[in-house]
Structures are given as C-alpha cells and as structure tokens.
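Undergrad: Sequence:
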Amino acid sequence: MIIFLYGADNYRSREKLNQLKEKFSREIDKSHLNLSVLDGEKLTFEEFYKSVSAAPFLATKRMIIVKNLISKNKSKKIFEEIADYIKNKDMSQENIIVFWEEEGQSKKHGARGIKKNILFDLLKKEKYMQEFLPLEEWKLTKWIKEEIKKEGGTFEEKTVQLLIALAGNDLWQMHQEIEKLIS
Numbered sequence: 002m003i004i005f006l007y008g009a010d011n012y013r014s015r016e017k018l019n020q021l022k023e024k025f026s027r028e029i030d031k032s033h034l035n036l037s038v039l040d041g042e043k044l045t046f047e048e049f050y051k052s053v054s055a056a057p058f059l060a061t062k063r064m065i066i067v068k069n070l071i072s073k074n075k076s077k078k079i080f081e082e083i084a085d086y087i088k089n090k091d092m093s094q095e096n097i098i099v100f101w102e103e104e105g106q107s108k109k110h111g112a113r114g115i116k117k118n119i120l121f122d123l124l125k126k127e128k129y130m131q132e133f134l135p136l137e138e139w140k141l142t143k144w145i146k147e148e149i150k151k152e153g154g155t156f157e158e159k160t161v162q163l164l165i166a167l168a169g170n171d172l173w174q175m176h177q178e179i180e181k182l183i184s
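Those letters in the sequence shown? Residues 2 to 184, per our numbering, in order.
Just so you know, these hints were derived from the structure itself, not from any lab. Heads up, a few of these hints could be off.
In silico DSS-like pairs for lysine-lysine, Cα to Cα no more than 27 angstroms straight-line [as the list claims (entries may be wrong)]: (1) Lys-151 - Lys-140; (2) Lys-125 - Lys-73; (3) Lys-117 - Lys-143; (4) Lys-126 - Lys-68; (5) Lys-88 - Lys-143; (6) Lys-73 - Lys-90; (7) Lys-159 - Lys-128; (8) Lys-140 - Lys-22; (9) Lys-117 - Lys-78; (10) Lys-159 - Lys-62; (11) Lys-51 - Lys-77; (12) Lys-24 - Lys-146; (13) Lys-31 - Lys-62; (14) Lys-73 - Lys-126; (15) Lys-75 - Lys-126; (16) Lys-24 - Lys-126.
So the derived label-pair ranges between C-beta atoms look like this [as the list claims (entries may be wrong)]: (17) Ile-183 - Lys-43: 38 to 44 angstroms; (18) His-33 - Ala-9: 28 to 34 angstroms; (19) Glu-157 - Tyr-86: 40 to 46 angstroms; (20) Lys-31 - Asn-89: 30 to 36 angstroms; (21) Asp-85 - Leu-182: 46 to 52 angstroms; (22) Lys-78 - Lys-126: 19 to 25 angstroms; (23) Lys-24 - Lys-78: 30 to 36 angstroms; (24) Leu-182 - Lys-31: 22 to 28 angstroms; (25) His-33 - Lys-90: 24 to 30 angstroms; (26) Gly-169 - Lys-126: 18 to 24 angstroms; (27) Lys-159 - Ala-9: 24 to 30 angstroms; (28) Glu-47 - Lys-140: 38 to 44 angstroms; (29) Lys-126 - Glu-157: 43 to 49 angstroms; (30) Gln-174 - Glu-28: 29 to 35 angstroms.
Each residue gets a CB set at the ideal place from its N, CA and C atoms; glycine is no exception.
Work out the full structure, taking the sequences as your base and the hints as a guide.
TA: Printed below as a string of structure tokens:
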C-alpha cells in the first residue's frame, strides 16, 4: 500500500502522518520494531529497496515513511527508479510506504513546486493520496473552534476572528496562539 501526503499546509499533513504512525503501532506493530523513517534528501534507491523489501518482524507488515524525497533529493535517477519499482510491483499486500512531503513548494523545483516530477505524477494517482491545501476561511474558523474544544477551552466569536487576523492560515502559529490563550 502506498500513501502520499503533501501540500502547503504542513501542520495538517504532519498531523495525518502522526495519526497513521499511531494507528500502525496500535493495530499492527505493538512492538514498534517495524517502522522505518527514511530521509528523502540523502536517500538512494538501494537504501529505499532494502527498507521496503525487508520482511516484518513479529508483525504482518512494516511501515516505511519516506520524508521529503521529491522536494529535497537532487537526483532525478532515484525518482525514475522508485517510479519504476512502484509501477512494476503489486503493492496491495506489501508493506505500507508513506511518502510525505513537508514543503508545498520546493525552491529547487521553481514556482511550480514539486509538481513537475515523474514520481510526483505517479504518486498523485495513488488511491491513498491526500493534498493539504490552506484552509478556506469558513474551514479555518471550524478548525479553530475544534482545536479550542479539543484543548478544553471556550472562546467568543470575536476571539476566533482575532486569531485569524493574527495568524492567518499558518496553523502552526494558530495552534501555539490557542495554547497560549487556554493556559
């Protein structure tokens, strides 16, 4: 199974990544021995292949998280090799491979970000692909109210609007401001 998480809203994408890791640890790998995190910036195909082809230990599957491969790795060759591997392998019953891109746009790929890449094009077609775009204002308001409730606080509508004016769509800053107000 392949999961692809990316987008400009890296707060929610990281939150989703953490949820996937927690669910994997809770339901499949209680021993915490079958989770690998690969740094995409320095990753070679050989390291990738070794990790994804390793058999699980005391569990039914392994989870391999590949962080920032597309946005930070400078080798076009690895994109082609991994794309070929994915195309030619039945991934349905294999290990869980999560490709996570922290940056919505990479300076190395220009203004179009990670979106001009053979591997990106392939991953974007995956069944379990999720793009995290900045929230529209009404969704942002809803998100703030849910975060406040989750943290055990209550706010007036004016406070929510003030938070939006202060932090905009930066959910990292928004989360910190909510924590400050509640404590």
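Undergrad: A separate judgement is required for each hint: does it hold in the structure or not?
TA: To see whether the hints hold, each was checked on the structure:
Note on Lys-151 and Lys-140: the hinted pairing holds, with a Cα-Cα distance of about 16 angstroms set against a maximum of 27 angstroms. With a C-alpha separation of about 18 angstroms, the suggested pair Lys-125 and Lys-73 falls inside the 27 angstroms cut-off, and the hint holds. Pair hint Lys-117 plus Lys-143 does not hold up; C-alpha atoms about 33 angstroms apart against a cutoff of 27 angstroms. Between Lys-126 and Lys-68 the CA atoms are separated by roughly 19 angstroms; this keeps the pair inside 27 angstroms, and the hint holds.
Proximity of Lys-88 to Lys-143 is assessed by CA-CA distance (about 39 angstroms); at most 27 angstroms being required, the pair is judged violated. Of the pairs offered as hints, the one joining Lys-73 and Lys-90 holds, with about 25 angstroms between alpha carbons and a cut-off of 27 angstroms not exceeded. Of the pairs offered as hints, the one joining Lys-159 and Lys-128 is violated, with about 40 angstroms between alpha carbons and a cut-off of 27 angstroms exceeded. For the given pair, Lys-140 sits about 25 angstroms from Lys-22 by alpha-carbon distance, which is consistent with the 27 angstroms threshold.
For the hint linking Lys-117 to Lys-78, the alpha-carbon distance of about 14 angstroms falls within 27 angstroms, and the restraint holds. The hinted pair formed by Lys-159 and Lys-62 fails the criterion: a straight-line CA distance of about 48 angstroms is larger than 27 angstroms. Simply put, Lys-51 and Lys-77 have alpha-carbon atoms about 19 angstroms apart, close enough for the 27 angstroms limit, and the pair holds. Of the pairs offered as hints, the one joining Lys-24 and Lys-146 holds, with about 25 angstroms between alpha carbons and a cut-off of 27 angstroms not exceeded.
With a CA separation close to 12 angstroms, the supplied pair Lys-31 and Lys-62 stays within the 27 angstroms bound. Annotation: proposed proximity of Lys-73 to Lys-126 holds, straight-line Cα distance about 21 angstroms (limit 27 angstroms). In summary, the hint linking Lys-75 to Lys-126 is supported, as the alpha carbons are separated by about 23 angstroms, within the 27 angstroms threshold. In summary, the hint linking Lys-24 to Lys-126 is supported, as the alpha carbons are separated by about 24 angstroms, within the 27 angstroms threshold.
At about 39 angstroms, the beta-carbon gap between Ile-183 and Lys-43 stays in the expected band of 38 to 44 angstroms. Between His-33 and Ala-9, the C-beta spacing of about 31 angstroms keeps the proposed range 28 to 34 angstroms intact. For the pair Glu-157 and Tyr-86, the beta carbons lie near 53 angstroms from each other, so the given range of 40 to 46 angstroms is not met. In this structure the hint that Lys-31 and Asn-89 lie 30 to 36 angstroms apart at CB holds, the actual value being about 33 angstroms.
Roughly 50 angstroms separates the CB atoms of Asp-85 and Leu-182, a value that falls within the hinted 46 to 52 angstroms. With their beta carbons about 21 angstroms apart, Lys-78 and Lys-126 fall inside the hinted range of 19 to 25 angstroms. One distance hint, 30 to 36 angstroms for the beta-carbon pair Lys-24 and Lys-78, holds here, with the actual separation near 33 angstroms. For the pair Leu-182 and Lys-31, the beta carbons lie near 37 angstroms from each other, so the given range of 22 to 28 angstroms is not met.
For the pair His-33 and Lys-90, the supplied restraint of 24 to 30 angstroms holds, since their beta-carbon distance comes to about 26 angstroms. For the hinted restraint 18 to 24 angstroms between Gly-169 and Lys-126, the CB-CB distance of approximately 32 angstroms leaves it violated. The beta-carbon spacing between Lys-159 and Ala-9, approximately 28 angstroms, falls within the hinted interval of 24 to 30 angstroms. Evaluation of the 38 to 44 angstroms hint for Glu-47 and Lys-140 yields a pass: the beta carbon distance comes to about 42 angstroms.
Remark: the range hint 43 to 49 angstroms for Lys-126 to Glu-157 is upheld by a beta-carbon distance near 45 angstroms. At roughly 33 angstroms, the beta-carbon separation of Gln-174 and Glu-28 lies within the given 29 to 35 angstroms, and the hint holds.
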